[in-house]
Amino acid sequence: MKYIIYTILMFCCFGAFAQETGNVLIKNATVITVTKGTLENADVLITNGKIAKIGKGISAGSDTKTIDATGQFVMPGIIDAHSHIALDAVNEATDPSTAHVWVGDALDPFDVSIYRALAGGVTTSHAMHGSANAIGGQCETIKHRYGVMDPNELRMVGAPRTIKFALGENPMRVHGEGRGIVPRTRMGVEQVFRRSFSEAKEYMEEWDDYNSGKTKVPPVYDLKKETVADILKGDIIIHCHSYRADEILMLMNVCKDFGITKLCFQHVNEGFKVAPELAAFGAGASVFADWWAYKFEVYYSTAFNAAILLRNGVVASINSDSGELIRHLYHEAAKTQRYGGLTDEEALSLITINPAKQLGIDDRVGSLEVGKEGDVAIFSKHPLSVYAIPQYTIVDGVVRFDINNDPADMRIDINPEDEVSTFFENTKHHDHDNCMRDAMELFTEK
Amino acid sequence: MKYKFWVFIALMFSTFSIGAQDVDIKLSSTYAIQNAHIIQKPGKSIEKGTLIIKDGVIIDVGTNVSIPADAILVKGDSMYVYPGFIDAYNNIGEKKKEEKKNEEKIENPGNPPNDRAGITPERSLSEVFDGGDKSIAEWREAGFTASLSAPSDGMLPGKASIIIHSGHDASSSILKENMGTIGTFQSANRIYPATIIGVMAKYRDLFRQTSYAMKHESAYKANPIGMARPAYNKSLMALIPVVDKSQYLYMEAEKLKDISHALTLQKDLGFNIALVNVKQGGQYIDVIKSQKMPLVLSLDIPESKDKKDKEKDGDKKEKGEKEKDKKDEDKEKKELDPEVEAMKVRRDKAIMEYQSQAALFAKNGIEFGFSGKDIKGKDVKKNVKIMMEQGITEDQILTSLTLTPAKMLGVSNVLGSLEKGKIANLFIATAPYFDEDSKIKYVFVEGEQFEYEVKKKKAKQEGKEGTITGLYACTIDVPGDQRNITISIAKSDDSYTLIIENEGDEKEIDDFTIDGNRVSFPMEINEDGFTMKLKYDFTIDAGEIDGSVIAGEFGSFPLKGERTGDPKL
Chain A
1 MKYIIYTILM FCCFGAFAQE TGNVLIKNAT VITVTKGTLE NADVLITNGK IAKIGKGISA
61 GSDTKTIDAT GQFVMPGIID AHSHIALDAV NEATDPSTAH VWVGDALDPF DVSIYRALAG
121 GVTTSHAMHG SANAIGGQCE TIKHRYGVMD PNELRMVGAP RTIKFALGEN PMRVHGEGRG
181 IVPRTRMGVE QVFRRSFSEA KEYMEEWDDY NSGKTKVPPV YDLKKETVAD ILKGDIIIHC
241 HSYRADEILM LMNVCKDFGI TKLCFQHVNE GFKVAPELAA FGAGASVFAD WWAYKFEVYY
301 STAFNAAILL RNGVVASINS DSGELIRHLY HEAAKTQRYG GLTDEEALSL ITINPAKQLG
361 IDDRVGSLEV GKEGDVAIFS KHPLSVYAIP QYTIVDGVVR FDINNDPADM RIDINPEDEV
421 STFFENTKHH DHDNCMRDAM ELFTEK
Chain B
1 MKYKFWVFIA LMFSTFSIGA QDVDIKLSST YAIQNAHIIQ KPGKSIEKGT LIIKDGVIID
61 VGTNVSIPAD AILVKGDSMY VYPGFIDAYN NIGEKKKEEK KNEEKIENPG NPPNDRAGIT
121 PERSLSEVFD GGDKSIAEWR EAGFTASLSA PSDGMLPGKA SIIIHSGHDA SSSILKENMG
181 TIGTFQSANR IYPATIIGVM AKYRDLFRQT SYAMKHESAY KANPIGMARP AYNKSLMALI
241 PVVDKSQYLY MEAEKLKDIS HALTLQKDLG FNIALVNVKQ GGQYIDVIKS QKMPLVLSLD
301 IPESKDKKDK EKDGDKKEKG EKEKDKKDED KEKKELDPEV EAMKVRRDKA IMEYQSQAAL
361 FAKNGIEFGF SGKDIKGKDV KKNVKIMMEQ GITEDQILTS LTLTPAKMLG VSNVLGSLEK
421 GKIANLFIAT APYFDEDSKI KYVFVEGEQF EYEVKKKKAK QEGKEGTITG LYACTIDVPG
481 DQRNITISIA KSDDSYTLII ENEGDEKEID DFTIDGNRVS FPMEINEDGF TMKLKYDFTI
541 DAGEIDGSVI AGEFGSFPLK GERTGDPKL
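First to last, the sequence lines map onto chains A and B.
Residue numbers for the first sequence follow UniProt numbering, so the first one is 1 and each next one is one higher.
Residue numbers for the second sequence follow UniProt numbering, so the first one is 1 and each next one is one higher.
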């Protein structure tokens, strides 16, 4: 008997998880498209996971879930360009360059943080390697399909590859202070980049010689150099942890020297000082709304940072870097109206279309447009209002968060050996400064 | 710290010697097991059959067989003969690891030497094999006569070999060497690969380097003139059979995410994969089935703690403690937190999913072997019976312990069933194996007989209610080991006498505290100038001892025991 019940449960679960895309009709809402204006009393139809229609008086078949959103606000699913949720490992802090590792190998679909992000309207996040190394590992853009069991199902398949770089004190602390090796100084960090790019160039040449038959002995395969070579080829976007203006200029110079154009700065607390230079380079900037002074190199910043960058023509976004902030990125975006007087659309672009551009996925998500993916957040009030409460969050047309109907216990994989766990136990790792997770013990003497 | 720990363990038990009870001189290598119920293989058995063993081989089996004159007779009346079980993945016979000390500091943690990073695919089992290791005796006693055994530790710990559990040296124990290479997701300590992302990247590097090294090697063989000589790299050389698919990579993949990682690597690198020690594989049933990958499920399954407690409570109630219990129950009811209760329900459901994994695979027609890697031999029966509650049959369990692993390992011509010509690996039980009271009396490993004392029905005796006196057989669980001691508590007039016995070495304890049913006392061990302070602390309830031995900074070890008779005087 037990067995039968179990089998039924298994198949039910399979049924729910196998459904990757869905059909949803949202009726009578204020539809904020971000890129194409705002429509009053409008409907949004998502068919097979894609936005099929936006307008008035749309109807759909019985296979489509209908949500009455009268008086509510619909916006594109929020995108977080910098987070470390859903990861079993963040830092492989054993070397100043670990371009060969990839956090996409450590996705954790059971991390409740994904659900918490959904509860803040966030449908996509950039799961990043940490900032312990000058060249960290490759990152992964994930969709918050909370409920799937297979880690691979979190991936946003087709999203461009990205890699984490880090300037300044974190790599200096881990490798310079911790081990007495390069980089001990900010100059050393630059040297790590230049040496890595030069080596990768040589490596590519060696392979060219081998592949063209010029040499008979294959070079020693090196995943690290392969990856850096892919950056040089323009296949990978650099996302660089940064604070100080001088270093930001340094990395842009290094990239220019090696012909690299795909670059986005993270944190960028002094970005406002070099906003025109960033705009001229075409580099993105993903910032905190109003968080700084948590270590020496980030002493100088301003809550006007995002607005200054945006108004200078930089593709700017606001990120969380935290399993907590990710729940209210819409508040973070609203702060730019107080500090910088951004319009509603400008403020919302910081958490939708702009992070999408920084991740190279703006053709698929980041705004409500026909043909784009059905990632939508529905709020009780205007999302930039402090009274706004997320009601539904939809990913690929599948409702993944429903404030009224979700069960109280949203954990997926329960460890059978655990004592009955508490909220506290489930929240470890999700505090701020995740950037240095897995790294601290490596350079502190036991 | 670790070094000290083992010194302590060594000192603590320095008075013990390892028993060698099953070594005996035999007069003949021919045996006749007579009049027994012989299960030749699952679903095929002989009533009152006879099985003849000669020089390690089954030379005859049936009802009408002639018994050689020199045969040692084994009376099998009312007993059950089974093919020896095969553990399809374990580390049985691996030498106890020496504590690594004074290891050289690693200059470059980003690129450490392979052996320090856990990358030793070149290591054969024979290099680390110890026929005298007690894991062999332990598993043999549980009816396991052969196993696929591998070195442990690291992401590529080495190569697995099929061994038989005779307890002799490598040359006679190893049936088939270097059957396959083991892969795990273990990271290295503070050096690359220090995390799962490092481990995954390292696999990709090593495998791709191996395939290019192979190209270089063959180009050099064809015409070495003017070409740089291929470098010798033992790790890469050892990976060639995996890369060229002549050997399986046995990936240890316990949990769902481990399996996902294993499948990701397999897809990236294209090797022949076997999944071993799988505990949470239900989600991947379709992939495993469609790709026909060899599968070894873990015998380690979780049990509900609440359920265990309840059963214990039930026992108590029978013993006339109903009233007291009822009070407790009422109290409990008031304190129930609905949130906690709901979480317990979910945990129990999770436990059931682990317990029913084997049933699910069997139901889907997928063959698998079993791995005892994370349990003790004596717990096998208890665990497979829990699996059977979830719908797997006796025959399916037996198949997974005999025929399937033999087939999977390519030795079904010599192992896995009791047929003429096969290696004489078998055990004889006093009743059908799955019966609660069935005990294994004899085990034959390649025709060598091992006999075990079959204790009559549990000798547990309870003292009078409320008294704690008695003789208690206890075990202390220390990591990777289990030690037996006897505790005797006697009472005359109003004073207690407490004696501890360590295999023949008795010691009377002078300084102890008894408070109701709780007993505690310190004990000091002095050896070669090394002093270790221990503290015993346990309670005695209904003839059972439950507590711990606390060894200061080394932690505490569980102590359990049961009353076997009256105290020593």
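Just so you know, the hints here were simulated from the structure itself, not pulled from any lab data.
Since this is a predicted model, take the numbers as computed values, not measurements.
Heads up, the beta-carbon is just placed ideally off N, CA and C, and yes, glycines get one too.
The reader is advised that the hints may include incorrect statements.
What the hints assert, rightly or not - Beta-carbon label-pair distances, calculated as ranges:
1) A:Lys201 to B:Ser246: 34 to 44 Å
2) A:Thr185 to B:Pro113: 26 to 36 Å
3) A:Glu20 to B:Pro113: 56 to 66 Å
4) B:Pro113 to A:Asp235: 48 to 58 Å
5) A:Asp63 to B:Val345: 51 to 61 Å
Okay, the hints, checked on the actual structure:
1. A:Lys201 to B:Ser246: 34 to 44 Å: Cβ of Lys201 of chain A to Cβ of Ser246 of chain B: about 38 Å, so the range 34 to 44 Å holds.
2. A:Thr185 to B:Pro113: 26 to 36 Å: Because 29 Å falls inside the window, the suggested range holds.
3. A:Glu20 to B:Pro113: 56 to 66 Å: 45 Å, violated
4. B:Pro113 to A:Asp235: 48 to 58 Å: 32 Å, violated
5. A:Asp63 to B:Val345: 51 to 61 Å: 33 Å, violated
Checked against the numbered hints given earlier, this structure breaks hints 3, 4 and 5; the rest are met.
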